[in-house]
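J.: Given the coordinates of chain A, work out where chain B should sit on it, guided by the hints.
Chains as they are written, first to last, in my numbering: chain A, 1 to 330; chain B, 1 to 257.
Just so you know, the hints here were simulated from the structure itself, not pulled from any lab data. The model shown is predicted, which means the values in this text are computed figures rather than measured ones. Note that CB positions come from ideal geometry on N, CA and C, so glycine has one too. Warning: the hint list may mix true and false statements.
[Said to hold, decoys possible] Below, a sample of chain B positions facing chain A; criterion: calculated Cβ distance under 7 Å:
1. Ile92
2. Arg109
3. Met117
4. Ala181
[Said to hold, decoys possible] Just the calculated beta-carbon pair ranges, DEER-fashion:
5. A/Ile124 <-> B/Phe11: 22 to 30 Å
6. B/Gly111 <-> A/Val131: 44 to 52 Å
7. B/Thr88 <-> A/Ala36: 58 to 66 Å
8. B/Gly56 <-> A/Ala143: 34 to 42 Å
9. B/Ser73 <-> A/Gly251: 27 to 35 Å
10. A/Gly251 <-> B/Ser10: 49 to 57 Å
[As the list claims (entries may be wrong)] Chain A stretches covered by chain B per the calculated footprint, using a threshold of three residues with CB under 8 Å from any CB of chain B:
11. 109 to 116
12. 184 to 198
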Amino acid sequence: MSGLRALLPRGQFASALVHAGVIVLAAFVVLVLQGAGVISVFASTLAADCAMYALALMGLSVLYGWTGQLSLGHAAFIGIGAYTAALIGPHTGSLPTPFLVDLIVVVVVGALAGLIVGLPSIRISGIQLVVVTLGFAEVFQWALNNFDGISGGTQGLLMDHTTILGLDLSVSQQRLLATALVAAAGGVVVTLFARTTVARSMTAVRESEQAAASIGINPGTPKLIAFVVSAVFAAVSGLLFAYGNLIVIPGTFALFDNVFLLVAIIVGGRHTMLGVWLGAAFLVVVPEASREMANGALYPVVAGVILIVVMIFAPRGLASLWRRGERSTS
Amino acid sequence: MIDIDQVRISFGGLHALDGVTLQLGDDIEEGAVYGLIGPNGAGKTTLLNALTGFVGIDSGRVSIAGVDVTGASVHERARLGVVRSFQTVRLIEDESLEDNLAIGMYRFRRGRAVAEMLGLARSQRRHDRKRVADMAATLGFDASDLRRSVTELPFGLRRMAELGRVILSEPRVALLDEPAAGLEQDQRVQLADVLRSLATDQGVTVILTEHDIEFVRRLCRRIAVLDSGVNIAWGEPATVLAQPDVHRAYFGESEDV
Chain A
1 MSGLRALLPR GQFASALVHA GVIVLAAFVV LVLQGAGVIS VFASTLAADC AMYALALMGL
61 SVLYGWTGQL SLGHAAFIGI GAYTAALIGP HTGSLPTPFL VDLIVVVVVG ALAGLIVGLP
121 SIRISGIQLV VVTLGFAEVF QWALNNFDGI SGGTQGLLMD HTTILGLDLS VSQQRLLATA
181 LVAAAGGVVV TLFARTTVAR SMTAVRESEQ AAASIGINPG TPKLIAFVVS AVFAAVSGLL
241 FAYGNLIVIP GTFALFDNVF LLVAIIVGGR HTMLGVWLGA AFLVVVPEAS REMANGALYP
301 VVAGVILIVV MIFAPRGLAS LWRRGERSTS
Chain B
1 MIDIDQVRIS FGGLHALDGV TLQLGDDIEE GAVYGLIGPN GAGKTTLLNA LTGFVGIDSG
61 RVSIAGVDVT GASVHERARL GVVRSFQTVR LIEDESLEDN LAIGMYRFRR GRAVAEMLGL
121 ARSQRRHDRK RVADMAATLG FDASDLRRSV TELPFGLRRM AELGRVILSE PRVALLDEPA
181 AGLEQDQRVQ LADVLRSLAT DQGVTVILTE HDIEFVRRLC RRIAVLDSGV NIAWGEPATV
241 LAQPDVHRAY FGESEDV
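If we strip away everything but chain A, and leave its shape as in the complex, we get (with noise of 0.2 Å):
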C-alpha cells in the first residue's frame, strides 16, 4: 500500500487512471445492461456520443477553463478534423489508411489550425478574440459549401468504416468502447497535463495578463499553447466523429454547433474533468429529451434554459454543485 503509495507522487498518475478506469468501466456498464436487456440498443449510441463530445469538450476545458479564452470556433475544429478523416480515408478515396496513421494526421492537422487561428490571441483577448474564432467557423463553413470538389459541398463525403484495436467505430457497441478508450486516454492526457508549469502558466494568464507577465511569462504563449491543445482534441473527436457516422456534411460543424459546445462546457462546468462529463451528457441528452417531448426544434428553447438556470443557482457550472456539497461534508 505505502509502496504503491510512492509510486504514486501525489496522485498525479492515480487521478489519471481512476479517471481513465471509471470511463471504461462505465462503458462496459452500458453494454452489460444492453446486453441484458435493461436498456435499449439506442443507449450505446447516446453513450458513444457522450464519450466523442467529452473528447472535444476537454480541448474546450483548457481553452475556457484554464486560459478564459472564448472560443466559438470549437465545431469548426471538429469539423477539420472529421474532413481530415474523410480525406484521408478509405472510400472517399485518396489514401486508405490504417486508424493510427489517420490520428497522426488528425493531430497535426488540427494542431496547425489551432495554431492558425490562435495567432491573434497573442494580441488580442475578451469579446474581440471571440470574433475571431467565430469567423473563422463561417469561413470554414463556407468553404466547405463552395469548394465542393475536395469538401463535397452540401452533399459531404462518404466514407467507409475503419477500426481501432479491432473494434469496428462504425457498429455502436464496438464504436462505443473504442470511444471510451480513446476518450480514456484524452483524460489522462489533460490530467497529467493540469500539474505542469505550462498549464499553471494558463490559469495565470486567465487572471490577469499582467501580473502573469510580471513574474516572466510572456502571456501570447500560454494563450497560443491553448489554442494548438485544444483543436487538437477537437481534431481527433472530429476523427471519431466521421468514422462513427461514415459521412460528414458541413451542416453538422455550423454557428449553432458551435454556440452549443461553448453552452456545454459553462453548463458542465470549465474547470474540472467532472464538469466535461456534465458537459458532454448536456449535448446528448438534452436534443435527444427535446426530441421526445415535441420536436428537435425546441432545442434551442431547452437548452438556453438550462443555461440561465444553471448561471442562476451554480454560476460555475454543475460540476461545482458537486465539489460544493463535498466541502460542506467535510
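T.: Below, chain B alone, put in the same frame as chain A:
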C-alpha cells in the same frame, strides 16, 4: 543596480514623470530596502510601471544591472529578475495558495512540460513543494491554507500570497506597490521582517511605495520623495524627512507638525 536617467512620461497633457533621475542599489553593497514616497498622484506607481515595462517612457533611459531595458517588455524584464507586486492584489483566483506561490518559480521551471507530465521531474517537484510550504509558513500562513483557494483568503493574507509569489521568483529587484496597505499591525511587523531579510540575506534590491511614513522610516535605508512627477529629495530617511520642501509636499503648507 537600477539606473533611472531623465525619465519622462506624459499622459495627454499631464506630466506623470517629469525628468526623474535616480540610482538605486549601487550605494549599498548587499541589497537594501528603498522607499518611494510622495503624495497621491506624485508618480510613484508610474515610476514602478516604467521600471517594469508596464508603461512606455517618452524619453530617458532605464537600465538594470548595467543592461539597458528601456524598450524591453514586461516579461523580458521579469526574466532579468525585475519582479513586482500590484497595488490591487492580483492572484490566480479560484486556484490554491500552493499554485499561486509556485507560479512564482515559472522562469526557472518553464519548458519542461513533457518531463513533468511523465513524472520525471519528481524530486524537483518535491523540492519545489517544500520551498512553497516554507515560504507560506514564513509569511504567516497555516499549513492547511496551502490547499485553500486564494479567493477565500482574507485580504491581508492575499497580499502576503502575492509577496510570496514575488519572493519565490528569486528577483534581483523586487518592486512592491504599497505592500503594507490593508495589513493588520502584526502583519506589518512580519512584512518588515520578511523584506529586511530579503534585502540583507538574499541581497535583493527591494523598492516599495508606501503612505505610512513611520513604516518607511523604520524599514528603508534610503528614500526618494516624488512630488508632481519630480524627484524632490533622496537620501537617508531621517535626513530626507526633515527637509522643509519634503514636509511641504507631504503635509501641505502648515508649519506646526
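J.: State for each hint whether it applies.
T.: Hint check:
{"no.": "1", "hint": "Ile92", "verdict": "5 Å, holds"}
{"no.": "2", "hint": "Arg109", "verdict": "4 Å, holds"}
{"no.": "3", "hint": "Met117", "verdict": "4 Å, holds"}
{"no.": "4", "hint": "Ala181", "verdict": "17 Å, violated"}
{"no.": "5", "hint": "A/Ile124 <-> B/Phe11: 22 to 30 Å", "verdict": "23 Å, holds"}
{"no.": "6", "hint": "B/Gly111 <-> A/Val131: 44 to 52 Å", "verdict": "32 Å, violated"}
{"no.": "7", "hint": "B/Thr88 <-> A/Ala36: 58 to 66 Å", "verdict": "60 Å, holds"}
{"no.": "8", "hint": "B/Gly56 <-> A/Ala143: 34 to 42 Å", "verdict": "41 Å, holds"}
{"no.": "9", "hint": "B/Ser73 <-> A/Gly251: 27 to 35 Å", "verdict": "44 Å, violated"}
{"no.": "10", "hint": "A/Gly251 <-> B/Ser10: 49 to 57 Å", "verdict": "56 Å, holds"}
{"no.": "11", "hint": "109 to 116", "verdict": "violated (count 0)"}
{"no.": "12", "hint": "184 to 198", "verdict": "holds (count 7)"}
In this structure, the earlier hints numbered 4, 6, 9 and 11 are contradicted, and the remaining ones agree with it.
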